[in-house]
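Student: Sequence:
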Amino acid sequence: MLFTDSFSAFYEQFKTSLTDGTFAKLTFAKTIGKTELKNIFIRPILEENELKLELKFRFQREELFEIHTINSAFDRLLPFINNPFLSVILFATEFDLTYKLNKKRMVNVIDKPPTFGNANEVLLAFLNKWN
Numbered sequence: 196m197l198f199t200d201s202f203s204a205f206y207e208q209f210k211t212s213l214t215d216g217t218f219a220k221l222t223f224a225k226t227i228g229k230t231e232l233k234n235i236f237i238r239p240i241l242e243e244n245e246l247k248l249e250l251k252f253r254f255q256r257e258e259l260f261e262i263h264t265i266n267s268a269f270d271r272l273l274p275f276i277n278n279p280f281l282s283v284i285l286f287a288t289e290f291d292l293t294y295k296l297n298k299k300r301m302v303n304v305i306d307k308p309p310t311f312g313n314a315n316e317v318l319l320a321f322l323n324k325w326n
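For what it's worth, the working numbering labels the leading residue of the sequence shown as 196, then goes sequentially.
Since the hints were made in silico from the structure, they are not lab data. Be aware that a few hints might be false.
[What the hints assert, rightly or not] In the SDA-like style, the derived pairs of lysine to any residue whose C-alpha atoms are separated by at most 25 Å in a straight line are:
# : residue 1 : residue 2
1 : Lys220    : Pro309
2 : Lys233    : Leu322
3 : Lys295    : Phe236
4 : Lys220    : Gln255
5 : Lys307    : Gln208
6 : Lys298    : Thr199
7 : Lys251    : Thr211
[To be verified] Restraint-style ranges between C-beta atoms, simulated for each label pair:
#  : residue 1 : residue 2 : range
8  : Ile240    : Asp306    : 22 to 32 Å
9  : Lys220    : Lys324    : 17 to 27 Å
10 : Lys298    : Leu241    : 37 to 47 Å
11 : Leu241    : Ser203    : 39 to 49 Å
12 : Asp215    : Gln255    : 34 to 44 Å
13 : Thr199    : Asn323    : 19 to 29 Å
14 : Glu245    : Asn297    : 31 to 41 Å
15 : Asn323    : Ile227    : 36 to 46 Å
Here a beta-carbon is modelled for each residue, glycine too, at the ideal position from N, C-alpha and C.
Generate coordinates for the entire structure from the input sequences, incorporating the hints supplied.
Tutor: Here's what the structure looks like:
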């Protein structure tokens, strides 16, 4: 089962936090059962003066890195919703937003007060350079 529509809306919030300079970090967490893949961490990077995303796949014994455009990262990350991850957390300076699947695989999006007071430094440097 793909969660394209609900994750798409969540991903738009993520993209907004990038453009408005409030993004701190994005984490895929809480797997189903024991899996080799433990987390996916997403952070902005600069590559040839373009803002891109580094996806760090943390396995039990290794870490793998991939670089994607902001739009292509969506297609890469979508298959991991419900297989094996039950939650994705967007940390921004204005709020924390949790995309969560319950046992019946119903989606809940929970807005909480922010954990981080500062946005990602690479993102801020990029925005300051181009604005």
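Student: Now look at each hint and say whether the structure bears it out.
Tutor: To see whether the hints hold, each was checked on the structure:
1. For the hint linking Lys220 to Pro309, the alpha-carbon distance of about 11 Å falls within 25 Å, and the restraint holds.
2. With a CA separation close to 31 Å, the supplied pair Lys233 and Leu322 exceeds the 25 Å bound.
3. This hinted pair checks out: Lys295 and Phe236 have alpha carbons roughly 16 Å apart, not beyond 25 Å.
4. Under the criterion of a C-alpha separation no larger than 25 Å, the hint pairing Lys220 with Gln255 is consistent with the structure, at around 21 Å.
5. In summary, the hint linking Lys307 to Gln208 is supported, as the alpha carbons are separated by about 14 Å, within the 25 Å threshold.
6. Between Lys298 and Thr199 the CA atoms are separated by roughly 18 Å; this keeps the pair inside 25 Å, and the hint holds.
7. Between Lys251 and Thr211 the CA atoms are separated by roughly 21 Å; this keeps the pair inside 25 Å, and the hint holds.
8. Separation of Ile240 from Asp306 is about 27 Å and conforms to the stated range, judged on CB atoms against 22 to 32 Å.
9. Distance hint check for Lys220 and Lys324: the Cβ-Cβ separation is about 21 Å, which falls inside the suggested range of 17 to 27 Å.
10. Between Lys298 and Leu241 the beta carbons are some 41 Å apart, a value that agrees with the proposed interval 37 to 47 Å.
11. Our hint of 39 to 49 Å for Leu241 and Ser203 is violated, since their Cβ atoms are close to 26 Å apart.
12. A hinted range of 34 to 44 Å holds for the C-beta pair Asp215 and Gln255, which are about 36 Å apart.
13. Hint check: Thr199 to Asn323, Cβ distance near 34 Å, so the stated range 19 to 29 Å is violated.
14. One distance hint, 31 to 41 Å for the beta-carbon pair Glu245 and Asn297, holds here, with the actual separation near 38 Å.
15. For the hinted restraint 36 to 46 Å between Asn323 and Ile227, the CB-CB distance of approximately 40 Å keeps it satisfied.
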